[in-house]
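J.: If you read the sequences in order, they're chains Y and X. Under our numbering, the first sequence has 91 at position 91, and the numbering climbs by one with no breaks. So the number in our numbering is just where the residue sits in the second sequence, counting from 1, plus 287.
Because the hints were derived from the structure by calculation, they are not lab data. Some clues are possibly wrong.
Below, a list of computed lysine to aspartate or glutamate pairs in the EDC-like style, where the Cα atoms sit at most 20 angstroms apart [as the list claims (entries may be wrong)]: (1) 91/Y / 494/X; (2) 265/Y / 218/Y; (3) 459/X / 576/X; (4) 163/Y / 176/Y; (5) 265/Y / 538/X; (6) 93/Y / 576/X; (7) 484/X / 494/X; (8) 265/Y / 542/X; (9) 508/X / 494/X; (10) 484/X / 495/X; (11) 508/X / 495/X; (12) 93/Y / 432/X; (13) 265/Y / 432/X; (14) 91/Y / 495/X; (15) 459/X / 447/X; (16) 178/Y / 165/Y; (17) 91/Y / 181/Y; (18) 189/Y / 176/Y.
Each pair of labels, with its calculated beta carbon distance range [claimed, not checked]: (19) 280/Y / 451/X: 47 to 55 angstroms; (20) 431/X / 136/Y: 32 to 40 angstroms; (21) 579/X / 159/Y: 45 to 53 angstroms; (22) 494/X / 90/Y: 28 to 36 angstroms; (23) 612/X / 155/Y: 45 to 53 angstroms; (24) 333/X / 183/Y: 54 to 62 angstroms; (25) 7/Y / 472/X: 53 to 61 angstroms.
Where is the CB? At the ideal position from N, CA and C, for every residue including glycine.
For reference, the chains in residue letters:
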Amino acid sequence: MTIEIIIQAIISGLLMGFIYALIAAGLSLIFGLMGIVNFAHGEHLMLSMFSSFWLWTLLGLDPIISIPITMLILAISGILTHYLLIRYILKAKMIVQICATFGLSVFLRSLAQFLWTPDFRNVANPLLEGRLEIAGIFIGQPQFYASLVCLLSFLLLYLFVNKSETGLALQATAQDRKAAETLGINSNKMFALGWALGLSCVSIAGTMMSNFFFIFPDVGVHFALFAFVAVALGGFGSIIGCLIAGIIIGLVESLGGLLIDPSYKLLYVFLIYLIVVIYRPQGLFGR
Amino acid sequence: MNNNLQNAKLEPLWHTNKFIFALIFFLVTLFFFFPFINPSNFQLHLMIMIFMYAVMAQSWNVIAGFSGQISLGHVIFFGIGGYTSSFFYVEYGITPWIGIFVGILFSSLVAIAIGIPMLRLSGHYFAIATLLIGFSFQTIFQRWDLIGAASGLWIPLNWDSPWLTLQFHESKIPYYYIFLIFFLLSYFSIWILYRSKIGFKLRAIRDDPQAAASLGIPVAKYKIIAFVISAIVMSPMGSLFAQYILVIEPERMFDIEISIIVLLIAVMGGVGNVWGPLIGTIILIPLSEYTRIFFGGTGGSVDLIIYGILIMLICIFRPSGLISFFPKKILERKKF
Chain Y
1 MTIEIIIQAI ISGLLMGFIY ALIAAGLSLI FGLMGIVNFA HGEHLMLSMF
51 SSFWLWTLLG LDPIISIPIT MLILAISGIL THYLLIRYIL KAKMIVQICA
101 TFGLSVFLRS LAQFLWTPDF RNVANPLLEG RLEIAGIFIG QPQFYASLVC
151 LLSFLLLYLF VNKSETGLAL QATAQDRKAA ETLGINSNKM FALGWALGLS
201 CVSIAGTMMS NFFFIFPDVG VHFALFAFVA VALGGFGSII GCLIAGIIIG
251 LVESLGGLLI DPSYKLLYVF LIYLIVVIYR PQGLFGR
Chain X
288 MNNNLQNAKL EPLWHTNKFI FALIFFLVTL FFFFPFINPS NFQLHLMIMI
338 FMYAVMAQSW NVIAGFSGQI SLGHVIFFGI GGYTSSFFYV EYGITPWIGI
388 FVGILFSSLV AIAIGIPMLR LSGHYFAIAT LLIGFSFQTI FQRWDLIGAA
438 SGLWIPLNWD SPWLTLQFHE SKIPYYYIFL IFFLLSYFSI WILYRSKIGF
488 KLRAIRDDPQ AAASLGIPVA KYKIIAFVIS AIVMSPMGSL FAQYILVIEP
538 ERMFDIEISI IVLLIAVMGG VGNVWGPLIG TIILIPLSEY TRIFFGGTGG
588 SVDLIIYGIL IMLICIFRPS GLISFFPKKI LERKKF
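Kindly produce the complete structure, drawing on both the sequences and the hints.
T.: Dropping the structure here:
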C-alpha cells in the first residue's frame with residue numbers, strides 16, 4: 001500500500017464528508033429549532049435525487065441547472081410537511097414524534113417504490129463527467145464539484161443563520177419560543193422556514209449526488225443513518241458541529257474501508273457513534 | 288405512584304373485569320376450533336401471520352410501552368432466534384425445540400450486551416443507535432461464512448418425524464396450533480408482567496425516570512430487564528418462522544421492514560397497553576396480506592403506503608392508539 005493510495009482515500013473521504021455535512025446540517029437545523037428528529041430525512045434526499053432525475057429525463061435539464069427547481073420542490077414539500085403533520089405533534093410525547101416522522105419515511109419510500117419501481121437509475125451523460133488528475137491522484141469530477149457546491153451552500157447557510165435578521169429570528173425561536181413570540185416573531189412561520197431551509201440543504205446535496213450515484217427508492221437510508229450519526233457527533237442543533245462530524249465520518253468510512261475491510265463501513269461509523277454518545281452525550285460541539 | 292406500588296402488592300392477580308374474561312374465553316375457544324371449519328391454506332397462513340406479528344408487536348410494546356425506550360432495530364432478536372435454531376438443526380441435527388430455547392438464551396445475552404451500554408442513552412440517541420444496530424447485524428450476518436453468509440441456511444427436509452423436526456409439509460394446521468400456543472403463552476405472561484411489581488416499576492420509569500430513581504427503583508437495571516424480556520418474547524417467533532418457511536437468509540431475517548411493521552402495529556393499536564398490539568395486528572396484517580393478493584407479487588408496497596398514512600393519522604388524531612376508542616370502563620379493572 002503506497003502513500004498515494006492513502007492520500008487518495010483521505011481526499012475521497014473529505015469530499016464525501018462535505019456532502020454528509022450538508023445533509024446533516026439540514027437535519028440539525030430542524031432539530032435545533034423544534035426538537036424533532038426528521039426520520040424521513042433520507043427519503044427527502046431520495047425525493048430530491050428523483051426530482052433531478054425526472055427533470056433531466058423529461059425536460060433535459062442537467063442536474064447543475066436544475067438545482068434551483070429541486071430546491072423549490074423540496075422547500076415546498078418541507079413547508080407542507082410542517083403544516084400538515086409536524087404542526088400537530090409539536091407538543092406530543094417523543095414516541096409520537098418519532099413515529100410520525102418515521103411513518104412519513106415509510107410512506108415516502110413505499111410511494112416511490114410504487115410509482116417508480118425499485119429499479120436503479122442514473123443520469124446518463126451529465127455535464128460533469130470524467131476525472132481530474134493532480135500529482136498522480138485521481139478525483140472524480142462530479143464528486144469534486146458536488147463537495148464544492150455542498151461546502152459553499154454550507155457556508156451560505158452558516159452566514160444566513162448567524163448574520164441575517166431572519167436567521168437570528170430562527171435562533172431566537174430555537175432558544176425560547178415564548179420569548180420570541182412576545183418580540184413579534186411568528187414561531188409557526190419560523191418552523192415552516194426551518195423545514196424549508198433544512199430540506200433545501202438536502203436537495204442541493206441530493207441533486208449534486210444524482211450526477212454520480214444510482215437513484216432508487218432506498219438510496220436515502222444509508223445517507224440518513226450517516227446524517228443521524230453526524231448530528232449526534234457534532235451535537236444536536238450545532239451547525240458547525242455538522243461540518244466537523246461530516247468530515248470525520250467521511251474519513252472514517254474511506255480510511256476504514258481501505259485499511260480494514262470495505263464491507264463493514266457502517267460498523268466503523270456505528271462504533272464512532274457509540275463511543276461519542278456514551279462518553280460525551282452532548283456531542284463534540286453540543287451545548 | 289408510590290400508592291400504585293403498594294396497591295400492586297395487595298391486589299389479587301386475577302381480579303379483573305368479567306366482560307374481558309368472557310371475551311378472552313370466547314376468542315380462545317374460537318381460535319382453538321378455527322381449523323375444524325376447513326379453512327383454506329391462505330386463511331390459515333393469515334392467522335399464523337396474525338399470531339406471529341401480534342407476539343412481535345407485544346415484544347416491542349414491552350420495551351417501548353412499558354419502559355419508554357423506542358427500539359428501531361427490534362428485528363435482531365427475530366433474526367438471532369431464527370438463525371440459532373436453524374444452525375443447530377442444520378449443523379448438528381439438534382431438534383428445533385431445543386434450538387428455540389438456545390435462541391432465547393442467545394437473544395437474552397445479546398440484549399444484555401447491547402443493553403448495558405445503550406440503555407443509558409435516552410430518547411433519540413437510543414432510537415438512532417438501535418437503527419444502526421439493526422443494519423450492523425444484517426451486515427455481519429451477510430458476511431459470516433459459518434452460517435452461510437448472504438445465501439443463508441437451507442433447512443434439510445424431513446418427512447419421517449414432523450413433530451421432532453418441527454416441519455410439516457402436508458398441512459398448515461400443526462403450524463397454526465404451535466403459533467397459537469406461543470401466542471397465548473406470550474400474551475398471558477406479558478399480561479401478568481404488566482400487573483406485576485416489575486410492570487408497575489417499569490411504567491413508573493417510563494412516566495418519570497427521575498422520580499422513579501428517587502423512589503429507589505434502579506432505573507438502568509429495570510430497563511435492561513425489560514429489554515431482555517422483550518428479546519425473550521421475540522426470539523421464538525424467529526425460530527418458528529424459520530421452521531415455517533424452511534429457508535432463511537440475512538435479507539429476510541434481519542429485514543428492517545420487520546422492525547418497522549412491528550413498531551407501526553404497536554403504535555397503531557396503542558403503546559403501553561397489553562391489548563394494543565393485538566388490535567393493531569388484527570387491522571394491519573390482513574390489510575397487508577390482502578393487498579399482496581390484490582396487487583400481486585410483493586404488493587407494490589401498497590400496504591406500506593397505507594401503513595405510513597395510517598400511522599401519521601394516528602399520531603395526529605389519536606396519539607394513544609386505537610385502543611383509546613374503547614370505553615375506559617371496559618379496559619380498566621373495576622376497583623383499583
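J.: So, for every hint listed, does it hold in this structure?
T.: Now the hints, each set against the structure:
no., hint, in the structure
1, 91/Y / 494/X, "holds (16 angstroms)"
2, 265/Y / 218/Y, "holds (18 angstroms)"
3, 459/X / 576/X, "holds (17 angstroms)"
4, 163/Y / 176/Y, "holds (19 angstroms)"
5, 265/Y / 538/X, "holds (18 angstroms)"
6, 93/Y / 576/X, "violated (31 angstroms)"
7, 484/X / 494/X, "holds (15 angstroms)"
8, 265/Y / 542/X, "holds (19 angstroms)"
9, 508/X / 494/X, "holds (16 angstroms)"
10, 484/X / 495/X, "holds (17 angstroms)"
11, 508/X / 495/X, "holds (16 angstroms)"
12, 93/Y / 432/X, "violated (43 angstroms)"
13, 265/Y / 432/X, "holds (18 angstroms)"
14, 91/Y / 495/X, "holds (17 angstroms)"
15, 459/X / 447/X, "holds (17 angstroms)"
16, 178/Y / 165/Y, "holds (18 angstroms)"
17, 91/Y / 181/Y, "holds (16 angstroms)"
18, 189/Y / 176/Y, "holds (15 angstroms)"
19, 280/Y / 451/X: 47 to 55 angstroms, "holds (53 angstroms)"
20, 431/X / 136/Y: 32 to 40 angstroms, "holds (38 angstroms)"
21, 579/X / 159/Y: 45 to 53 angstroms, "holds (51 angstroms)"
22, 494/X / 90/Y: 28 to 36 angstroms, "violated (21 angstroms)"
23, 612/X / 155/Y: 45 to 53 angstroms, "holds (51 angstroms)"
24, 333/X / 183/Y: 54 to 62 angstroms, "holds (58 angstroms)"
25, 7/Y / 472/X: 53 to 61 angstroms, "holds (60 angstroms)"
Hint compliance for this structure: hints 6, 12 and 22 are not met, and every other hint is.
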